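Assemble the whole structure, with the sequences as input and the hints as a guide.
2 protein chains.
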Amino acid sequence: MAELSADLGDGAEGVFAPIQNQPLRVQIASRLRDAIISGRLHPGTVLVETALAEQMNVSRAPIREAVQLLENDGLVESVAYKGKRVKLLTAREVEEIYSLREIFEVAAVERILAREVSVEPLAACCAAMEEAVRMNDYEALVAADEAFHRTLIRLSDHELLLSLWNNLYMRIHQIMALRHRGERNLAEIAGNHPPIVRALEAGNRAEATRLIAQHTRALADFDPESIAQGSQ
Amino acid sequence: MAELSADLGDGAEGVFAPIQNQPLRVQIASRLRDAIISGRLHPGTVLVETALAEQMNVSRAPIREAVQLLENDGLVESVAYKGKRVKLLTAREVEEIYSLREIFEVAAVERILAREVSVEPLAACCAAMEEAVRMNDYEALVAADEAFHRTLIRLSDHELLLSLWNNLYMRIHQIMALRHRGERNLAEIAGNHPPIVRALEAGNRAEATRLIAQHTRALADFDPESIAQGSQ
DNA sequence: TGACAGAAGGTTGTCGACAATCTTCATTGT
DNA sequence: ACAATGAAGATTGTCGACAACCTTCTGTCA
Numbered sequence: 002m003a004e005l006s007a008d009l010g011d012g013a014e015g016v017f018a019p020i021q022n023q024p025l026r027v028q029i030a031s032r033l034r035d036a037i038i039s040g041r042l043h044p045g046t047v048l049v050e051t052a053l054a055e056q057m058n059v060s061r062a063p064i065r066e067a068v069q070l071l072e073n074d075g076l077v078e079s080v081a082y083k084g085k086r087v088k089l090l091t092a093r094e095v096e097e098i099y100s101l102r103e104i105f106e107v108a109a110v111e112r113i114l115a116r117e118v119s120v121e122p123l124a125a126c127c128a129a130m131e132e133a134v135r136m137n138d139y140e141a142l143v144a145a146d147e148a149f150h151r152t153l154i155r156l157s158d159h160e161l162l163l164s165l166w167n168n169l170y171m172r173i174h175q176i177m178a179l180r181h182r183g184e185r186n187l188a189e190i191a192g193n194h195p196p197i198v199r200a201l202e203a204g205n206r207a208e209a210t211r212l213i214a215q216h217t218r219a220l221a222d223f224d225p226e227s228i229a230q231g232s233q
Numbered sequence: 002m003a004e005l006s007a008d009l010g011d012g013a014e015g016v017f018a019p020i021q022n023q024p025l026r027v028q029i030a031s032r033l034r035d036a037i038i039s040g041r042l043h044p045g046t047v048l049v050e051t052a053l054a055e056q057m058n059v060s061r062a063p064i065r066e067a068v069q070l071l072e073n074d075g076l077v078e079s080v081a082y083k084g085k086r087v088k089l090l091t092a093r094e095v096e097e098i099y100s101l102r103e104i105f106e107v108a109a110v111e112r113i114l115a116r117e118v119s120v121e122p123l124a125a126c127c128a129a130m131e132e133a134v135r136m137n138d139y140e141a142l143v144a145a146d147e148a149f150h151r152t153l154i155r156l157s158d159h160e161l162l163l164s165l166w167n168n169l170y171m172r173i174h175q176i177m178a179l180r181h182r183g184e185r186n187l188a189e190i191a192g193n194h195p196p197i198v199r200a201l202e203a204g205n206r207a208e209a210t211r212l213i214a215q216h217t218r219a220l221a222d223f224d225p226e227s228i229a230q231g232s233q
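Just so you know, the sequences run in chain order V and A.
Every position in the first sequence, counted from 1, becomes a number in our numbering once 1 is added.
Every position in the second sequence, counted from 1, becomes a number in our numbering once 1 is added.
None of these hints come from the bench; they were simulated from the model.
The reader is advised that the hints may include incorrect statements.
Copies of the same chain are indistinguishable here, so a pair counts whether it falls within one copy or spans any two.
List time: in silico DMTMM-like cross-link candidates among lysine to aspartate or glutamate, alpha-carbon distance up to 25 Å [said to hold, decoys possible]:
no.	residue 1	residue 2
1	Lys85	Glu97
2	Lys85	Glu55
3	Lys85	Glu160
4	Lys85	Glu111
5	Lys83	Glu160
6	Lys85	Glu66
7	Lys83	Glu94
8	Lys85	Asp74
9	Lys85	Glu72
10	Lys83	Glu55
11	Lys83	Glu50
12	Lys85	Glu96
Every value quoted in this text rests on a predicted model; they were computed, and no experiment measured them.
What follows is the structure in structure tokens.
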């Protein structure tokens, strides 16, 4: 039994999938989070505990705790005497989210350059993006893009920064899902990244920072009216 | 009644303190938070719901929710099948907290310079610090120091950054409380800040950034062994 | 016709209890 | 003496119910 659990834990080559007895609140929170960041639950949607409990066939306790988890994520807000609702997105907040993204990425660049970390993982992400462009696969491109930026943060070797990034990117996901999908030039998006990698390889801090800022601001250049707010 | 509430809300000059019917979880969370960041609850201390519920004479439900709030704050961690405990502090985590502090302050400086905001509020904080030095009041100096840095973030006009800062500074409070109080030169601490204000006034980005980094690293220059970890 | 008072409805806040799970300790066998 | 098995204890997870609070609708009075 000792070696069995060891196998499952380490190699993950075992026959059995690892048993994961996640608390209900975690499962519920995952479902709700997915619904919110995918845009299925619009900002302003009221989350009524009793209704959710009935839908998911559980009691209110795990629902309450799950909603609280989402509140910590900044996806849900509490409005006095009205209950909880999916957080409304103001233009200002969207701006701040993207500017924070820029702050984080620039900080990551600084650390990567200071520690002279290999940027090979970033090049791999670029390759995945080019592949997605060849296949004309928008979803794959988005995934590779996310992987690129998360890898950038990860290479900075800063766990706290990475956890903040994960939370931030969740909200960016939501914003992208709510935004009308403009006609994006796949090749242009993919093409933005290799120069960043090259600047990092060259140790060119100013250029890397400039490219990151430019890329982020292009993403943030949205139509404020395009974000669907729920009723009210 | 309308004008009464308006008075209380705006001027805060009314006779009555505003009625705040905070949920139990918020009151409980505040108490626990205070205990943790003041160092009265050491890292590693196990938080048993039933015990806390009995001590505070409430049921377990609000205790659970309060502890979850602290978990979101990063002050409590969940260890499988052992319950929740006050989060242990590793040297790495402390380093990351201070490096994040530097990232945030540098970002704030950039924004302040870009927007040409008046730095008068910062000068006021410096005056408070000098007054504290004159009175040889360590507590007042710490308070003024915190006010200075929070003001710096506030002047950057970035709500998201400010909320992250508040959370981060909570943990810095905890670290300072756990750290053996070295003999600090009050005048030296106070003296660090006016040059920052002058650099901001002069629009000298490089100098301001350099001073911030220097100041932060002086704070982070701690003895890793000095942080008391609870039993285990 | 408008405004105020009252009642009804709905939602969150809190509680006590039960169930499930893991840990720890005692016991037994080799 | 050590290891494995079993039982007991403790803690978290979940549930259903009650209470408090605010909102909203309706009815009445000026």
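- Which hint numbers does the structure go against, in order from smallest to largest? Hint 4 is the one this structure does not satisfy, whereas the remaining hints hold.
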